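Chains as they are written, first to last, in this note's numbering: chain Z, 281 to 709; chain S, 24 to 329.
Under the rule of at most 27 Å between Cα atoms (straight-line distance), these lysine-lysine pairs were calculated in the DSSO-like manner:
id, chain 1, residue 1, chain 2, residue 2
1, S, Lys43, Z, Lys503
2, S, Lys112, S, Lys96
3, Z, Lys503, S, Lys133
4, Z, Lys685, S, Lys89
5, S, Lys110, S, Lys151
6, S, Lys89, Z, Lys503
7, S, Lys109, S, Lys151
8, S, Lys109, Z, Lys291
9, Z, Lys705, S, Lys38
10, Z, Lys503, S, Lys38
11, Z, Lys503, S, Lys109
12, S, Lys242, S, Lys194
13, Z, Lys701, S, Lys43
If you are wondering where the hints come from, they were derived from the structure by calculation, not from laboratory data.
Note that this is a predicted model, so its numbers are computed, not measured.
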Amino acid sequence: MNFHQILLVLKREYVTRLRSRGFIIATILIPLGMLAFIGTGIGIALWDSGAEHTIGVVDKTGALYPRLEKLAGDRYQDLSPLSDDSLDARVLHERIDGYVVLSEAHLRLEENPRFVSSGAGGISLQSSIQSDLQTVIRDERIARAEVSEEVQQIFATGISLSTVKLSPQGEATEDDTGFLTLVGMAMGIIIFGSVLGYGGMLTRSVIEEKTNRIIEVITSSVKPIELLLGKMAGVGALAISQLTFWLASFFALATAAGPLAGILLRSDPGMTTVPEGAGGIDPAIFTMPDISPSLILYFVLFFILGYLLYSSLFAAIGSAVDSETDTQQFMFPIMIPVMIGYFIMFRAMENPDSTLAVAGSLIPFCTPIVMITRIAITDVPFWQISLSILLMIVTFALTMWLSAKIYSVGILSYGNSAGFKELWKWIRE
Amino acid sequence: MAVINVNSISKSFGKTQAVKEVNFEVEKGRIFGLLGPNGAGKTTAIRMINHIIIPDAGTITINGRKASSQTQKMIGYMPEERGLYKKMKVGEQLIYLARLKGLTYDEARKTTRYWLDRFDASDWYHKKVGELSKGMSQKIQFIATIAHDPDIYIFDEPFSGLDPINSEMLKEIVIELRQKDKTVLFSTHRMEQVEQMCDDICLFNKGQVVLKGNLREIKQSFGKNTVTIEFQGDPTFLDRLEQVRINNRSTNFAEIRVLNGQDIQQILQLAMQHAEIYKFERVEPSLTEIFISTVGEDNINPKELA
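One chain only, chain S, in its complex shape:
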């Protein structure tokens, strides 16, 4: 049975419809990615799963129970807009947050100690959060999310604002959680970040689900119709290619989606005439490419896909 079951939920704020008839299921022990550009309705959907806002229509069940303040305790949630009480001490704060999730004082203190030890942060117990560096308070934020040992973890844009060390740490935590058969859902508009981590994905655009399923199967169904090329030399030849779409372009790299049966060998020949080729590989399309070809280029504000 699905751990999170989202059943045709809709939500409007005034005249804007943020989420429209959305369905998806998250299976136990999987890492589930909720993808889409900014403003696609991901955060609204996540807030509804967390019972922070209530859907106008549709139902959400968590472990078979309707979303409520009871199901909130089964979830560890790290919102996109995150922070801590700056004037409160680290230890007190973590205990307070864990107790709000239903732990007793003793349980909360024990788990706080445990996690602070694990992150080599025991010395911070009596420090005020305002005295910590940004990277340190990000660690405290992780602990606050996971300390009550829930079954389900929801991270909204978890990598935004994280320093590289904490980004790696978060990835490790997520993978460790999956090994413990926990369920993880996270959202991001940076598609390439999730490619390595997600089992299942759900693509959002303009409040609706445009594509969902197992990431491997989705990629395979698109076929190996993409080329990644690494080169040294004049990159303007890329502009002369026809029947292609170029994503992820930089001075010596490009990801080329081949359209309408354009011959890949011709691309290679053209490239060889203008630049020194280091690498030329035929691959499955990236998630960004899948997203673009699913919703159509006209339906995307290019700035939203950072």
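Here chain Z stands alone, though its shape is the one from the complex:
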């Protein structure tokens, strides 16, 4: 193998792609697109939580409506004088979304309150009403029971968890699990997206050389394996450049915009309607807690390993087909492990030490996505990390060997796309 040739191929692959208009546009547009995507998500959430529902209340006890009004006044409307028929009519004409008739029987817990609605509001509205009613009925019962102040305070107890994480040095540090879960997920998704994105780029690059018919000119100077390695390294270098650019601009923006976003969201009226203690957003989340350098190091490591593991396979696919439309049948078996890794990642976010998460992080094809999420959230035992890296390297050697076999035959076969049977023949040759 000639390192000089690999370097030449790498440089061409890197420079021509870096300069292409499409790449420059994508580098700028993808983060903007992601911002728009996240922004739309937040926008929808804000708009959704701001949706108003009006629930009519016929209060025969005289005590419950004032409490409801105090609890969530803009949701409930006192319609006490009205009869059931006219209430039904109002629901059907959509002037109210539903109504509840409350009586002494409900206070004595002899009967469950009945919520009549047109179906608007869905399950989240129902559960809000249920919890509101539970609160007011309980409070009213406590008040009537004439228990001591002390007992009343006991019932009013609200618990919020203050979390502390023990570091290996034994010091108790402030727990950033919430934030780190997000970081872990973001890293997992970045690796997931990169494997597919840059892998696809490599496939197209190989197909381009085949359809341009330049491949035979090149192979009369360069060994297929040198060409393959050069291309993989070239696109890999491109991936790292692009990622570095994105991360740098992200941190720059985050440092500037983080505090700003915190202030904005705190004063947002949509947010204040969320009841205290029921998922109110902690402004501290917008001040960037430290991401440890070792996490970034692991991210880069798993990013590179993940890219290597998959990219050779993507190149092999490109060599086996004659046009991009024929890649589907081969993409499918590669997509399966990527998608499995992606789904395990979401389980690992909730429970990073579960058997599924540990197993997933040790399966080489899922490792880069799942392991980085686990490392971000929890203290993964060192043996698991080293084992996963070792397994990935071994698997990489295997896929590389397999891909090199397919690639060296595939690039010179024109005219029609190979099937799995042919691939198997090429590998055995």
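Keeping the supplied structure of chain Z fixed, place chain S upon it in accordance with the hints.
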């Protein structure tokens, strides 16, 4: 000593044997034609000489050295399936390809400039290949093949897809290369194209060499047993001829190979009765005829000899 020495090479792809026990030598400073119908194994043999694929058995030496990535640099190769990076600029691309052949950046840039100047194409240096016309990119393809100034040139089906101007230019380049004592090997299934150019030939059929040697000597050994006739009139008399094989037939031309001692004067008499004769000449057989009579008519798919 032979520049290219091919020593009983064989190559199979699955169950099909593409090349079977092939031997030939290419001498320095000669133009060597590798001829045969499509699918005869020419491209496979050429790829093995270029060390793109490796023979299952047998050896190939280039200038006395076993075919390897080192010998690749001694060869300028223009494959049958040829092309360039469409999105890359002409200058950059030629420099890249020359550097892959082992030139330094400065050498590559110099030779690229030189050849672009020679082909009146200096203006294209900064143009993308995709913006060039087909004829223009064919010129760039020639430059890519010859820019690193190798000793050996291999052209696989060089005339297929070339426009007439570039065809002529390629012929000039080949002849110029021979004057510089370079060695040229090319393959074609269009036999008549090589008759004017080749010193030596090697005929392929079904993966095997059926005939090889000096073109002049081969032709002489077949004798002047062929007639070319040009005429005006009803051509159906040609069908009534017996003991002949007619190649290259058109409405007013035919190449007639005389078999089994059939009298040539009788052919002329018959022709005179039916048509006005412009030309009647006794010649050596064409390469196509030599090929057919060597491998036997039954062994050829007529469509393969276009």
